[in-house]
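Participant: Those sequence lines, one after another, are chains A and B.
Okay, so the first sequence: first residue is 1 according to my numbering, each after it adds one.
Okay, so the second sequence: first residue is 1 according to my numbering, each after it adds one.
Keep in mind that the hints were calculated from the coordinates and are not lab data.
Don't take every hint at face value.
[Said to hold, decoys possible] Some residues of chain B that are not near chain A, with every Cβ distance over 10 Å (derived):
#1 Phe7
#2 Val47
#3 Val76
[Said to hold, decoys possible] Label-pair ranges, simulated between beta-carbon atoms:
#4 His6/B / Ile753/A: 48 to 56 Å
#5 Thr698/A / Tyr85/B: 55 to 63 Å
#6 Asp704/A / Ile80/B: 52 to 60 Å
#7 Ile80/B / Val749/A: 26 to 34 Å
Glycine is no exception: its CB is placed at the ideal position from the N, C-alpha and C atoms.
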Amino acid sequence: MDLSWIENALGWIPCLPLLGFSVNILLGKRLGPRFVQGLAVGAIAGSFLLSLVAFFHLRAQAVEARILTQTLWDWVRVGGGGIPGVDAKVAFTLDPLSSVMLLVVTGVGLLIHIYSIGYMKGDGGIWRFFAYLNLFSFSMLVLVLAENLLLMFVGWEGVGLCSYLLIGFWFRHLPNTSAGNKAFIVNRIGDFGFLIGMLLLFWGLAGEGRGTLSFAGIREAVGLLQGKHLLGLPLLDWIGICLFIGATGKSAQIPLYVWLPDAMAGPTPVSALIHAATMVTAGVYMMARLSALYVLAPTALLVVATVGGLTAIFSATIGLAQTDIKKVLAYSTVSQLGYMVLAIGAAAFSAGIFHLVTHAFFKACLFLGSGSVILAMHHEQDIRKMGGLRKAMPVTFWTFLVSTVAIAGIPPFAGFFSKDEILWQTWAAGGWYRFLWLLGFLGAMLTAFYMFRLVALTFLGESRADHHTREHLREQPRVVTWPLVVLALLATVGGFVGVPHALGGANRFHGWLKPVVAERPAGALHHGAAPFLASPARADTPAPGQAPEETNGDGHRQPGDEESLQAVHEAAAAAAAGEHAETPHAQVPAAAGETHGGSHGVDPMEYLLMALSVLGAAASGLTALTIYTRRPELPSQLAARFAGFHRLLVNKYFVDELYWATVVAGVLGLMRACARFDRVVIDGLVNGSAWLTRGVSTLSGWIDRSFVDGLVNGAAAACKDAGAGLRRLQTGRIQSYAYALITGVLLLVIVGILIGIPS
Amino acid sequence: MIGLPHFLVVAGLLFAAGVYTVLSRRNAIGILMGVELILNAAGLNFVAFNHYTTTGIQGGLFTVFIIVLAAAEAAVALAIVLAIYQNLRDIDAHRLDSLQR
Chain A
1 MDLSWIENAL GWIPCLPLLG FSVNILLGKR LGPRFVQGLA VGAIAGSFLL
51 SLVAFFHLRA QAVEARILTQ TLWDWVRVGG GGIPGVDAKV AFTLDPLSSV
101 MLLVVTGVGL LIHIYSIGYM KGDGGIWRFF AYLNLFSFSM LVLVLAENLL
151 LMFVGWEGVG LCSYLLIGFW FRHLPNTSAG NKAFIVNRIG DFGFLIGMLL
201 LFWGLAGEGR GTLSFAGIRE AVGLLQGKHL LGLPLLDWIG ICLFIGATGK
251 SAQIPLYVWL PDAMAGPTPV SALIHAATMV TAGVYMMARL SALYVLAPTA
301 LLVVATVGGL TAIFSATIGL AQTDIKKVLA YSTVSQLGYM VLAIGAAAFS
351 AGIFHLVTHA FFKACLFLGS GSVILAMHHE QDIRKMGGLR KAMPVTFWTF
401 LVSTVAIAGI PPFAGFFSKD EILWQTWAAG GWYRFLWLLG FLGAMLTAFY
451 MFRLVALTFL GESRADHHTR EHLREQPRVV TWPLVVLALL ATVGGFVGVP
501 HALGGANRFH GWLKPVVAER PAGALHHGAA PFLASPARAD TPAPGQAPEE
551 TNGDGHRQPG DEESLQAVHE AAAAAAAGEH AETPHAQVPA AAGETHGGSH
601 GVDPMEYLLM ALSVLGAAAS GLTALTIYTR RPELPSQLAA RFAGFHRLLV
651 NKYFVDELYW ATVVAGVLGL MRACARFDRV VIDGLVNGSA WLTRGVSTLS
701 GWIDRSFVDG LVNGAAAACK DAGAGLRRLQ TGRIQSYAYA LITGVLLLVI
751 VGILIGIPS
Chain B
1 MIGLPHFLVV AGLLFAAGVY TVLSRRNAIG ILMGVELILN AAGLNFVAFN
51 HYTTTGIQGG LFTVFIIVLA AAEAAVALAI VLAIYQNLRD IDAHRLDSLQ
101 R
């Protein structure tokens, strides 16, 4: 079947939800909920079908031809003719990476749209809800399909906006609106980093005469930036760190994770779609897209990995003490995002994306399951008031359990493969990364513990709900449970696309992404082992002159274990030598894509670590189950014993309070200082000058009134008086004139009589 | 024996009465009567001078002129006064000052 028409129809994938949004937001209120739901679900279903077509079409292409671009129009075109400029198009790229994301976004998105029909039933703003969901899908698909960094930023901002709109969806409730505001503001801080990173990258590339922001262009030209420095740190590391700050905002990493738990105020389908499966992974996706840049920035990678590892364990510990069913899942999401970021930091980009995909399945399932529980419990979210839901809600229970096993990392469920891949890659990166592996390993055990605690408290044991709620407990309608089943199935089998070589698989997921995702250059990360002892020569050492694609040899699973921290430099030399030796023949299997495997020996260490993490997860999961079903008094005893630590966990390490005390208080203080400055100095100046002006004008007014007006009015008064005097002569009365006439005549007569009339 | 001075005194009194009437009356008709008195005083003077002196001036003729003039003046002035009254509903000379404006 010829599917090549999809190459010119890529634009429809994001535009179908956009159409759904436009119609629903304008007319939805009048069209009624049935139409609104049908349109929204239909739009995303159409996108999903197109994505499937796109995926199969892409798979039918030769490996090196698996990059298809549809250009819609020129967007920003500056420069040219020898002057470095930017040429950003509105163009969509379909390649293995974006095709995976497309399937996740539209597939999980479709299931959640369907689920929302049941979850949002009877809500007055249902048209608004589905319109926003569609708008979100549009933005996310633009982000995924964007051909350049600038267009990706459009989608990046779009998903942030939709997240804000949907967190505050029930806007009559103040905490919801402030949670939306918090998400928006924290993300703004991250976006600022993203922008700076993008500008730095553009600035650097333009300096090389390669002004471009398209991913293909960046990939091709980023090697030119090696050796450039800015304020003593390689430019590439600056760019990587700035872009990573953007990712910490969107993907909820330390220190910008605080918005995600609050975002649980939004409707549960939103938590599942946006705050577990798609938007929050945007940072991971963006960094994987820019893998060619990151492999050249070892310090940035180290920062990324450290933040990811710390986030993974930090939020996992908070998850231990949460009592709100959605908050547990929220901190779990932060923790799992930490794993993905850790994978990026270990330059194991495809492992990060793999975990992104499996996490989308099981975390969406968990969230939707919690939504089902919340509906059944009449919007009760406190797990201390649940228990024993298993019998009343079998479908929800079993799907929730499957996803919990998956997230705990127990084979053969999806989470096992992806998480183990990350842990192994982190270990294999060596040096400081071994410590991060330890964090990740402990985090995995904690994850198993708090997730099984959640299952035990919610579904097992005796019900602690009040009588009324218990009477009305029942399974949700099929429109709610059906997506749960599909997601649980995906969480069960989803991992098999990435069975590692160590378990006899071919890791097809890795092979699929290989053409577009750069590989860690052998040994390069060891340089990052002691980044803070930075030697100036370090930036120049990794694979000089080599574009990252060329180092794509089958170099994952580096033989790096015999190297130790103490022998960093020797190790680097050895690894570099190994890389050069390996590169020539590595390119042949790379071209074949999926055929490599068994010929390279598998490190026995990998089996050891795998067994360790599976046993650890199983043990801590069983412990949680036992404690919370058999000995429910034990946790409170432990809490009493370690009261201080427990208080710390319950209050989430007081991070929010710390933010209040430092950032918020600082901003408020600054604002007050500004206000005081405004009141005292600015207002003082203004009022002072006003006072002065008023004084001067009073004086001049007085002069005006008494002297100038005096003269003018005096002249006027004189004229008036003269006029009044003269007017009396001109009365208009004949008698007056006659009187004057007679008087004159009489006078003449009298004068004539007195002096004699001259003859 | 009644001579010229008696006539002149009567004419003078008549004239003064006419002037006083013209100056003091507020009624326009009254003013016209005053004017008649003045004209009659003048006519009386002419008749008296014609009778008692031989200057060759035919005073009787002037008197006839004056009587004709007075009749014409009375006709015109009365018409004016009537017109004023029709327009202003008033013939009070003190208020008839629209010439001033």
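Participant: Tell me if the beta carbons of His6/B and Ile753/A are separated by a distance inside 48 to 56 Å.
Facilitator: violated, 21 Å
Participant: Look at the Cβ atoms of Asp704/A and Ile80/B and judge whether their distance stays inside 52 to 60 Å.
Facilitator: holds, 53 Å
Participant: Holds or violated: the 26 to 34 Å window for the beta-carbon distance between Ile80/B and Val749/A?
Facilitator: About 31 Å separates the Cβ atoms of Ile80/B and Val749/A, which means 26 to 34 Å holds.
Participant: At 10 Å, judged by beta carbons, does Phe7/B keep clear of chain A as stated?
Facilitator: Consistent with the label, Phe7/B stays out of reach of chain A, its closest Cβ about 19 Å off (over 10 Å).
Participant: Can we trust that Val47/B is non-interface, i.e. its beta-carbon lies farther than 10 Å from all of chain A?
Facilitator: holds, 23 Å
Participant: The hint says 55 to 63 Å between Thr698/A and Tyr85/B; measuring C-beta to C-beta, is that right?
Facilitator: holds, 60 Å
Participant: Say whether it holds or is violated: Val76/B keeps its Cβ farther than 10 Å from all Cβ of chain A.
Facilitator: holds, 15 Å
Consistency note: the structure conflicts with earlier hint 4 alone.
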